[in-house]
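*Asks:* Sequence:
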Amino acid sequence: MTRPEGLTLYTTTARSSSLRIIRSYSTSFGMASRLLPRGVRQGIADVYGLVRIADEIVDGPAAEAGLDTAMTRRILDDLEQETLAALSRGFSANVVVHAFAVTARQTGIDAELLRPFFASMRMDLDPFTLDRETFRRYVHGSAEVVGSMCLRVFAREAPGVTIDEHLEEGARRLGAAFQKVNFLRDLAEDVDTLGRQYIPGTRAGVLAEVDKIALVDEIAEDLAAARSAIRRLPPRSRRATAAAAALFGRLNEQLRTTPVDQLRRERVSVPMGVKLRLVSGAALGQVRG
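Each number in the numbering used here comes from the position in the sequence shown (counting from 1) with 23 added on.
Among the clues, some could well be false.
Unchecked claim - Derived Cβ-Cβ restraints for the label pairs, each shown as a range:
hint: 1; residue 1: 157; residue 2: 91; range: 44 to 52 Å
hint: 2; residue 1: 33; residue 2: 84; range: 22 to 30 Å
hint: 3; residue 1: 84; residue 2: 240; range: 30 to 38 Å
hint: 4; residue 1: 86; residue 2: 46; range: 49 to 57 Å
hint: 5; residue 1: 57; residue 2: 227; range: 36 to 44 Å
hint: 6; residue 1: 304; residue 2: 218; range: 36 to 44 Å
hint: 7; residue 1: 131; residue 2: 89; range: 24 to 32 Å
hint: 8; residue 1: 189; residue 2: 232; range: 45 to 53 Å
hint: 9; residue 1: 243; residue 2: 97; range: 36 to 44 Å
hint: 10; residue 1: 234; residue 2: 133; range: 31 to 39 Å
hint: 11; residue 1: 150; residue 2: 31; range: 43 to 51 Å
hint: 12; residue 1: 79; residue 2: 236; range: 17 to 25 Å
hint: 13; residue 1: 91; residue 2: 300; range: 39 to 47 Å
Hint data in this document are derived by calculation from the structure and do not stem from the laboratory.
Just so it is clear, CB atoms sit at the ideal spot from N, CA and C, and this is done for glycine as well.
Throw the hints in and build the complete structure from the sequences for me.
*Replies:* And the structure:
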C-alpha cells in the first residue's frame, strides 16, 4: 500500500485527532458512534472535535492555563474566525479546525449553523442566570445547531434521504435533549465552579424540585420527537442515533428520581454494564428509534 503524502496525509492525521477527542471526552458518544459506517463515524467525530474544543476553552482549561476572561474570549473569537476561513479555503493549520472544515465542505455545514454555536459559547465566558428566552437561545446555539450538523453528516450515507423540516426538527430536539440532560448532570459544577445558572427557575444556586421535574418532562418530550425522525435515518445511522438517545433517555430517568440536593453533590451516570446493553440492543435493532 502506498503511503499517503501531502494534503492527504495531513487530512488523515488531522481527522485522526478528532477520533481521539471523541474517545477521550465521551464514552457515551464514543460507544454509539462505533455503530456508524466508517466515513460517517469520521464525520461525526470531526464535528464533535471542534464543538468539544470550543467548549473546553470556556469551561476551564484556558483559565487553568492562567488566561483571564478577555484573553479567553479572544481565543474563542480566533477559533471562530479560523473555522469560518477554513470553510472557505478548505485548509487550516489547526488540525481540529481542518478536520471539521473537510466534513463541513462535504456535507453542507455552513456559517449559518456555525455562528449561533459560537455565540452560545461566548455566553459561557461570564457568570449568568438564564431566563426562558435566553435559555432557548443558548440551547439553540449550543445544541440544536449541532444536531443539524450531525444530520447533514448522516445524510451522506444515503443520498436519497432528503433533509426536510421533520428531520431537522428531530435533529434539533435530540441535540436539545442531550444539552438539557447535561445541565442537570453538571448542576454542581456549573453553579459552584463556573457561576452559571442555566436552568430557568434557579435562584442563588438553588433549583426547586418542581423546576427539575419540568425540565425532565421537557427532555422526555424532546426525545420522543427525536425518535420519530430517527426512524427515517439510514439503517446504521439510525442504530447509532437510537443508541445515543437510549443512553440519554436512561440518564433522564435517573435524573427524574434523583433529588436536587443529591444532584448538587454528585454527577449522575449510567453504569457501564447498562451502557453496553443499550448499545448492543441498538446494534441489533432492539432499541426504540
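*Asks:* All hints are to be evaluated individually against the structure, with a verdict given for each.
*Replies:* Do the hints match the structure? See the list:
For residue 157 and residue 91, the Cβ-Cβ distance of about 24 Å falls outside the hinted range of 44 to 52 Å, so the restraint is violated. Hint check: residue 33 to residue 84, Cβ distance near 25 Å, so the stated range 22 to 30 Å holds. At roughly 34 Å, the beta carbons of residue 84 and residue 240 sit within the given window of 30 to 38 Å. Here the CB-CB span from residue 86 to residue 46 is close to 25 Å, at odds with the stated 49 to 57 Å.
One distance hint, 36 to 44 Å for the beta-carbon pair residue 57 and residue 227, holds here, with the actual separation near 42 Å. At about 39 Å, the CB distance of residue 304 to residue 218 agrees with the hint of 36 to 44 Å. In this structure the hint that residue 131 and residue 89 lie 24 to 32 Å apart at CB is violated, the actual value being about 39 Å. One distance hint, 45 to 53 Å for the beta-carbon pair residue 189 and residue 232, is violated here, with the actual separation near 34 Å.
Between residue 243 and residue 97 the CB atoms are about 40 Å apart, so this pair conforms to the stated range of 36 to 44 Å. Separation of residue 234 from residue 133 is about 36 Å and conforms to the stated range, judged on CB atoms against 31 to 39 Å. The beta-carbon spacing between residue 150 and residue 31, approximately 45 Å, falls within the hinted interval of 43 to 51 Å. In this structure the supplied range 17 to 25 Å is violated for residue 79 paired with residue 236, their Cβ-Cβ distance being about 31 Å.
Distance hint check for residue 91 and residue 300: the Cβ-Cβ separation is about 46 Å, which falls inside the suggested range of 39 to 47 Å.
Comparing the model with each earlier hint shows violations of hints 1, 4, 7, 8, 12; every other hint is respected.
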